[in-house]
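Participant: Please model the entire structure based on the sequences and the hints provided.
These are the residues of each chain, in order.
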Amino acid sequence: MFRKNKKALSFISVIILLILVSIQSALTGSIKVTPFELIHGLVTGTNDQVAIIKDLRLPRILIALFAGAALSVAGVLLQAVMRNPLADPGIIGVSAGAGFMSIVVVAFFPTLYFFVPLFAFLGGALAFFLVYSLSWRSGLDPLRMILIGIAVNALFTGLSQGLGFSGSALTQSMSQVMTSTLTMKKWSDVDVLLLYGTIGLVLAFVVYSWCNYLALDDKTAKNLGINVNLARLVISLVAVLLASVATAVAGLFAFVGLLIPHIGRSLVGTDHKVLIPFSALAGALLILTADTLGRTIIAPNEIPASIIMAVIGGPFLIFLLRKSDRIYGH
Amino acid sequence: MDIKAITFSYDKKVNTLHGVNSTIDSGKVTTIIGPNGCGKSTLLSVMANNNHPQSGQVLLEGKALADFKPKELAKKLAVVHQQNNAPSDMTVEKLTGYGRIPYKSLFTSATDDDEQAIEWALACTNLTDKRTVPIDELSGGQMQRVWIAMALAQKTPFLLLDEPTTYLDIYYQYELLELIKGLNRAHGMSIVMVLHDINQAIRYSDIIIAMKDGEIVAKGTPSEVITVQTVKEIYGVDVVVKNDEETGMYIIPIGI
Numbered sequence: 003m004f005r006k007n008k009k010a011l012s013f014i015s016v017i018i019l020l021i022l023v024s025i026q027s028a029l030t031g032s033i034k035v036t037p038f039e040l041i042h043g044l045v046t047g048t049n050d051q052v053a054i055i056k057d058l059r060l061p062r063i064l065i066a067l068f069a070g071a072a073l074s075v076a077g078v079l080l081q082a083v084m085r086n087p088l089a090d091p092g093i094i095g096v097s098a099g100a101g102f103m104s105i106v107v108v109a110f111f112p113t114l115y116f117f118v119p120l121f122a123f124l125g126g127a128l129a130f131f132l133v134y135s136l137s138w139r140s141g142l143d144p145l146r147m148i149l150i151g152i153a154v155n156a157l158f159t160g161l162s163q164g165l166g167f168s169g170s171a172l173t174q175s176m177s178q179v180m181t182s183t184l185t186m187k188k189w190s191d192v193d194v195l196l197l198y199g200t201i202g203l204v205l206a207f208v209v210y211s212w213c214n215y216l217a218l219d220d221k222t223a224k225n226l227g228i229n230v231n232l233a234r235l236v237i238s239l240v241a242v243l244l245a246s247v248a249t250a251v252a253g254l255f256a257f258v259g260l261l262i263p264h265i266g267r268s269l270v271g272t273d274h275k276v277l278i279p280f281s282a283l284a285g286a287l288l289i290l291t292a293d294t295l296g297r298t299i300i301a302p303n304e305i306p307a308s309i310i311m312a313v314i315g316g317p318f319l320i321f322l323l324r325k326s327d328r329i330y331g332h
Numbered sequence: 169m170d171i172k173a174i175t176f177s178y179d180k181k182v183n184t185l186h187g188v189n190s191t192i193d194s195g196k197v198t199t200i201i202g203p204n205g206c207g208k209s210t211l212l213s214v215m216a217n218n219n220h221p222q223s224g225q226v227l228l229e230g231k232a233l234a235d236f237k238p239k240e241l242a243k244k245l246a247v248v249h250q251q252n253n254a255p256s257d258m259t260v261e262k263l264t265g266y267g268r269i270p271y272k273s274l275f276t277s278a279t280d281d282d283e284q285a286i287e288w289a290l291a292c293t294n295l296t297d298k299r300t301v302p303i304d305e306l307s308g309g310q311m312q313r314v315w316i317a318m319a320l321a322q323k324t325p326f327l328l329l330d331e332p333t334t335y336l337d338i339y340y341q342y343e344l345l346e347l348i349k350g351l352n353r354a355h356g357m358s359i360v361m362v363l364h365d366i367n368q369a370i371r372y373s374d375i376i377i378a379m380k381d382g383e384i385v386a387k388g389t390p391s392e393v394i395t396v397q398t399v400k401e402i403y404g405v406d407v408v409v410k411n412d413e414e415t416g417m418y419i420i421p422i423g424i
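These protein sequences, in sequence, are chains X and B. Under the numbering used here, the first residue of the first sequence carries the number 3, and numbering increases by one thereafter. Under the numbering used here, the first residue of the second sequence carries the number 169, and numbering increases by one thereafter.
None of these hints come from the bench; they were simulated from the model. A hint or two may mislead.
What the hints assert, rightly or not - Pairs of lysine to aspartate or glutamate residues, derived as EDC-like cross-links and limited to a Cα-Cα distance of at most 16 Å, are as follows:
(1) Lys224/X to Glu240/B
(2) Lys224/X to Asp235/B
(3) Lys243/B to Asp282/B
(4) Lys410/B to Glu392/B
(5) Lys262/B to Glu287/B
(6) Lys239/B to Asp220/X
(7) Lys243/B to Asp281/B
(8) Lys9/X to Asp257/B
(9) Lys8/X to Asp257/B
(10) Lys275/X to Asp257/B
(11) Lys56/X to Glu39/X
(12) Lys380/B to Glu401/B
(13) Lys262/B to Asp273/X
(14) Lys262/B to Asp297/B
(15) Lys196/B to Asp374/B
(16) Lys262/B to Glu283/B
(17) Lys244/B to Asp193/B
Facilitator: Okay, structure coming up:
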């Protein structure tokens, strides 16, 4: 009974916080309005300040929410596939691969701008394939996977930064992807993230039972008639889609996909039917909170949300590594 | 089940199994015994379709294992492995319910058949009152029974078990063997298992297959297979074979 209550309580808390932070985020910043002004302005369209909020702040909020949801669900899926609680799209290079391809497209083929998420997906998939195939030695050794992931991450981050030095025209487009401030986001960015992000999140939920089955040993799963390789492939592709589109639109965020699923498991358990929706909500909350803090604590200057995430996430990774042998209850 | 000329190698250099031939009779308890490294667990994993032989094939109801769709095979043949992992917060009922996976697709929900099979599996393994307990609160013996319950929920005619008594103390070992024998006697399940303890093999098997160096050395009823000569040949251990009216047949090792 307590377990049930804990789950329900966790969901309700996260949803309430999500609503509160969203409202607070819409109201504060360099332009401040009251809730009444905001709603009145959005409905009538007569308030200039609200018009600015609608054009600049609302897209930013939506992107923060969707990027957070996409990245933490991508983390949940990668952890299920690799059976490793340390798999995070930001740490093992999937986001870096996606970011690199985004930069290449933006820099060299600007006319293909609309297809950036597609190329980001290819970049993310390439990075994931490298990590997966290079760390496979009749099983995935967690430590080996993290080390190879760091190497792949370094490679793509280096390639991206190298591109940044090759011409001043590239620098701006690059820094937008690499540092992931959520400033200057437009409704067209929201459309892209909303479309691919929703597809990814729905697919993630569709495959939740496969994620559960992969927690069994491969041979046990096979003897139950599960096509383990197919399940791994499909879940990986969904994870890469989510991580890549979030990176292409919102930039690089490390640690969300690590932190949120871990907290999720301790609050709502390991069943992916519950863990996936919870992680989506909690991830959205985390990134929006980080972004809102980043643009309000030292206003009018801004700290990028990714930097706030890195400051929170780094110590948390150490904490996880210290107790990682207890995760999954082995 | 027919085992035809199975040759298997893990590294494609040294053969673990050399052209093994045998037949597993339906409705019997068959136990494979032999020293460490003789290939008994490998043979079981080939029979479970977890390892694919370099040559030869295993036929189930006249059809090669490799030709079955994964879910079709999972309705014929269930396997309990020596070591298993599952998330620690899973309940007994939920894990047992995984045995119904072969009967489901990604989009179907549980049917009456599923529920009946789960009830039956829990009852057989004496876990009905533990159904809502998370598995990390179970003892080793109870945990092993959950894995058997999962296999039973598959409702298969064949059940394969790889050293099911390992890691259990003597009480739970016998509890488990009684359970397995009961499944055979009451429900006619064909059982194939690997055991280390020869006396347990004698007591709980209809047929014993004795292996050494990747080959089958002897096959038959316990009294046919377990003799002073075969035990010496297979294990290199001198034994006395006793036949007691009350306890039945047993062996005592006396030296090497």
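Participant: A separate judgement is required for each hint: does it hold in the structure or not?
Facilitator: We went through each hint and held it up to the structure:
Distance restraint check for Lys224/X and Glu240/B: the Cα-Cα separation of roughly 12 Å lies within the 16 Å cut-off, and the hinted pair is therefore satisfied. Annotation: proposed proximity of Lys224/X to Asp235/B holds, straight-line Cα distance about 15 Å (limit 16 Å). Taking the CA atoms of Lys243/B and Asp282/B, the gap is about 13 Å. The hint holds against a cut of 16 Å. Annotation: proposed proximity of Lys410/B to Glu392/B holds, straight-line Cα distance about 14 Å (limit 16 Å).
Pair hint Lys262/B plus Glu287/B holds up; C-alpha atoms about 12 Å apart against a cutoff of 16 Å. With a C-alpha separation of about 15 Å, the suggested pair Lys239/B and Asp220/X falls inside the 16 Å cut-off, and the hint holds. The straight-line distance between the Cα atoms of Lys243/B and Asp281/B is roughly 13 Å, inside the 16 Å bound, and the hint therefore holds. Of the pairs offered as hints, the one joining Lys9/X and Asp257/B holds, with about 13 Å between alpha carbons and a cut-off of 16 Å not exceeded.
Between Lys8/X and Asp257/B, the direct Cα distance comes to roughly 14 Å. Compliance with the 16 Å bound is thereby established for this hinted pair. For the hint pairing Lys275/X with Asp257/B, the CA-to-CA distance comes to about 14 Å; that is within 16 Å, so the pair holds. Between Lys56/X and Glu39/X the alpha-carbon distance is near 12 Å, which keeps this suggested pair within the 16 Å criterion. Between the alpha carbons of Lys380/B and Glu401/B the distance comes to roughly 9 Å, so the proposed pair stays at or under 16 Å and holds.
With a C-alpha separation of about 10 Å, the suggested pairing of Lys262/B with Asp273/X holds against the 16 Å cut-off. For the hint pairing Lys262/B with Asp297/B, the CA-to-CA distance comes to about 14 Å; that is within 16 Å, so the pair holds. A C-alpha spacing of about 6 Å is found between Lys196/B and Asp374/B, which places the hinted pair at or below 16 Å, so the restraint holds. For the proposed pair Lys262/B and Glu283/B, the alpha carbon gap of about 11 Å is at most 16 Å, so the pair holds.
Note on Lys244/B and Asp193/B: the hinted pairing holds, with a Cα-Cα distance of about 15 Å set against a maximum of 16 Å.
Checked against the numbered hints above, the structure violates none of them.
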